[in-house]
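*Asks:* Sequence:
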Amino acid sequence: MIPPSAAGSLLSELRIGARIDEIAVATSWLGDLADAGDWPQSTRFGLELSLEEALTNVISYGFAGLAHDPDIRIECWRTPQDRIVVRIRDNGVAFDPTTIAAPDVPASIEEAKIGGHGVQLMRNFLESLSYERADGENRLTLVGKPDQD
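The working numbering applies: residue 361 is where the sequence shown begins, and numbers increase by one.
Source of the hints: derived by calculation from the structure; they are not laboratory data.
Note that the structure is a prediction, hence the values are computed from the model and not measured.
Be aware that one or more of the hints could be misleading.
Just the calculated beta-carbon pair ranges, DEER-fashion [as the list claims (entries may be wrong)]:
no., residue 1, residue 2, range
1, T439, G496, 40 to 50 Å
2, E497, T416, 13 to 23 Å
3, V385, D507, 24 to 34 Å
4, P506, P430, 25 to 35 Å
C-beta atoms are modelled at their ideal positions from N, C-alpha and C, and glycine is treated no differently.
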């Protein structure tokens with residue numbers, strides 16, 4: 361994981377509500393940052409896809425049964441090594457998506473199941489995916505893959 365002290369330049373922060381419609385707000389915010397920073401398309405795609413997947417999981421499952429108000433914050437920065445990093449912080453139920461095993465590959469299309477592939481997609485489209493639980497919050501860090509061209 362990239363520690364905040366070695367993170368480089370903070371580009372922006374966003375706070376969203378724990379509602380599915382807020383995912384579009386977050387992905388639009390990230391898209392605006394990508395446009396302004398002229399990010400490579402592969403970096404942008406991987407981070408937008410992963411942000412959407414992670415937020416869907418946080419919002420859908422992270423606050424069930426909790427009595428406190430949901431708090432979801434997203435930070436984006438560029439490292440000195442020119443990597444784009446997105447960190448999602450939430451005060452929901454502790455959950456480490458990096459411990460989820462890759463789903464089995466079905467032998468046929470008939471055996472394929474819908475769902476359960478989001479974390480694997482994130483792993484495929486990111487340089488790294490890391491998690492920590494600290495100070496009562498989940499911290500999921502997404503590092504975009506550098507341009508492959």
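*Asks:* Each of the hints needs a verdict: does it hold here or not?
*Replies:* Going through the hints against the structure:
1. Checked against the hint of 40 to 50 Å, the pair T439 and G496 fails, with Cβ atoms roughly 26 Å apart.
2. At about 18 Å, the CB distance of E497 to T416 agrees with the hint of 13 to 23 Å.
3. Taking 24 to 34 Å as the suggested C-beta distance range, the pair V385 and D507 conforms, at roughly 27 Å.
4. For P506 paired with P430, a C-beta distance near 33 Å keeps the hint of 25 to 35 Å intact.
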